[in-house]
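Asks: Residue-level listing of the chains:
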Amino acid sequence: MRFDFIASYVSAFTGPWWKFLYDFSLLTTPVHEWLNGSVSPFWTTVIEMVVVGVVFLLFYAVVGLFLVYAERKVCAFIQNRLGPNRIGPYGIFQTIADLVKLLFKEIIPIKNADSLLFNIAPYIVIIVNFMALAAIPYANGLHAIDFNIGIFYILAVSSMSVVGVLLAGWSSNSKYSLIGAMRSGAQIVSYELSIGLALITIVILSGTMQLSEIVEAQRTGWFIFKGHIPAIIAFIIYVISSTAEINRGPFDMAEAESELTAGYHTEYSGIKFAFFYLAEYINMFIVASIAATMFLGGWMPFHIGNLEGFNMVMDFIPPFIWYIGKTFFIIWIIMLFKWTFPRLRIDQLLTLEWKYLLPINLVNILVMSFLVLKGWHF
Amino acid sequence: MRSIIEYLKEIFNGVLSLLRGMRVTAGYFFRPSEIVTQKYPNNRKDLVMFERFKGEVVMPHNESNEHKCTGCGICEINCPNGTIEVISKTIVTEDGKKKRAIDRHIYRLGMCTFCALCVKTCPSNALAFSQKFEHAVFDRASLIKQLNKPGSQLMKGVE
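These protein sequences, in sequence, are chains A and B.
Per the numbering used here, the very first residue in the first sequence carries number 1; after that it's consecutive.
Per the numbering used here, the very first residue in the second sequence carries number 1001; after that it's consecutive.
In short, the hints are calculated from the structure, not lab data.
Incorrect hints may have been included.
[Stated by the list, open to error] Here are the simulated DSSO-like cross-link-like pairs (lysine-lysine), alpha carbons at most 27 Å apart as the crow flies:
hint	chain 1	residue 1	chain 2	residue 2
1	A	Lys355	B	Lys1089
2	B	Lys1045	B	Lys1132
3	B	Lys1089	B	Lys1099
4	B	Lys1132	B	Lys1039
5	B	Lys1149	B	Lys1120
6	B	Lys1145	B	Lys1054
7	B	Lys1149	B	Lys1068
8	A	Lys101	B	Lys1039
9	B	Lys1009	A	Lys338
[Stated by the list, open to error] From chain A, some residues computed to sit far from chain B (all C-beta separations above 10 Å):
hint	residue
10	Ile78
11	Ala156
12	Lys175
13	Thr340
The beta-carbon is built from N, C-alpha and C at its ideal position, and this holds for glycine as well.
Please construct the entire structure, taking both the sequences and the accompanying hints into account.
Replies: So, in structure tokens, the structure goes:
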């Protein structure tokens, strides 16, 4: 009698109410069918787009605010400090307070600034973020757009954020902003190459660019294990060059505080500054989730060969938790980079890209193609 | 061939040194017990300051209300910003000699820079630093303190 509740608990987990955690299409398909049955297909599309948009908006804000908090905490722990600890338990509401403050701040109009471009620039950066976020597979069936060229699309879209950065720097009518934007643009363009080549290594291994299929192909083992040493090298190169692409330390010359005050968003204030700030953190989230999807299996649980019991336990953890865990692991590594290494000089940055990452990458692709040709991967 | 080996060696050494640095920072990250930050107003009751902390200048007195200050005025001369003022008086000792003794030792906390020149140069070690650091008061006059307690006397054997 006393243990009845355990049986009901287990049946709740195996019952239909919890199934959607493991396959989100169980939740979305009935809703879609119901909408199709009640209203016309046009309104179905509109309603679905609005719902997905609102969900992404909330997700964007929550992830951005959490990442700002996480960065402050990680930085504090690395430096033997406590970090924010006053607002809410462990200071978790600190960034919400910051956001409220930024919302109330005055937006200062800049003299002789190109006001149209100046006002448009933060939104370009944010729109680019949303476009990249839409194509990422978050969990089984939780995927807004599943292109057959998904990874190519994300690369193409995320490289467009440099337009927003350049516009912000140019329209601010400030030398610091302009120099910061130019540096940022040069850096993003040159490190895009390394990111693309590192991802091509994995595309060769998977044989597809569709993100859902890439994740599905990792059911038997994550690509970082499947692809032997070339995949590990590609992973390291990807993490380094994506750190450079999102303009974070140690590659943050675009906003070298001692030289350029704050780089391309020096002249922005209030909520527009917050947009840039959030966009930087969401960029970090995007590159980390691409790394998790391409190298660490996305939402796919961790499986070891024929260990049935172990695999069952791993399958029990919902895919979304797997995805978030992997993404935040990569984010933690990127944060560790920032708070460990000193800032690079511009010539060191270019040396790293053109003399080390690019040649290694090219050789790595060659090795990977050879492996795939011979079928030596798992 | 040799240059290729050197190139690879350079990469290997570079990555190794980077990993060494990351091990240090990640080590700190995973040992939160080493955090040095004090949650000050919350732990006010059991906060222990360090022995070397320079809170304010005090004149230690023993149980029978005796201090070591002879009123020589060296602290007043050494003080770079006029924080200390020694007002001395003349007393007659038991064997009929006239002797200088301290009347009031004035210490202006508001002007003190905690340079410790007075404490260091005192020939009879009459001054010391206390660990008290909550100096805020509502009235500027209460920052002027008299260090020798009322009715105190020179300790026996201190000249």
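Asks: Now look at each hint and say whether the structure bears it out.
Replies: The hints, checked one at a time:
1. For the hint pairing Lys355 of chain A with Lys1089 of chain B, the CA-to-CA distance comes to about 82 Å; that exceeds 27 Å, so the pair is violated.
2. Simply put, Lys1045 of chain B and Lys1132 of chain B have alpha-carbon atoms about 13 Å apart, close enough for the 27 Å limit, and the pair holds.
3. With a C-alpha separation of about 8 Å, the suggested pair Lys1089 of chain B and Lys1099 of chain B falls inside the 27 Å cut-off, and the hint holds.
4. Only pairs whose Cα atoms come within 27 Å are accepted, and Lys1132 of chain B paired with Lys1039 of chain B is accepted, the gap being roughly 17 Å.
5. Distance hint between Lys1149 of chain B and Lys1120 of chain B is fulfilled; the C-alpha atoms sit about 21 Å from each other, no more than 27 Å.
6. Straight-line distance between C-alpha atoms of Lys1145 of chain B and Lys1054 of chain B comes to about 17 Å, which keeps the hinted pair within the 27 Å bound.
7. Among the hinted pairs, Lys1149 of chain B with Lys1068 of chain B is consistent with the structure: their alpha-carbon atoms are about 12 Å apart, no more than 27 Å.
8. Proposed proximity of Lys101 of chain A and Lys1039 of chain B is supported: the alpha carbons are some 24 Å apart, at most 27 Å.
9. Proposed proximity of Lys1009 of chain B and Lys338 of chain A is supported: the alpha carbons are some 25 Å apart, at most 27 Å.
10. Taking the minimum C-beta to C-beta distance to chain B, about 5 Å, the non-interface status of Ile78 of chain A is violated against the 10 Å cut.
11. The claim that Ala156 of chain A lies off the interface holds: its Cβ sits roughly 30 Å from the closest Cβ of chain B, which is beyond the 10 Å cut-off.
12. Distance to chain B confirms Lys175 of chain A as a non-interface residue, since its nearest Cβ pair spans about 34 Å, more than 10 Å.
13. Against chain B, the non-interface label of Thr340 of chain A is violated: not every CB pair exceeds 10 Å, the least being about 4 Å.
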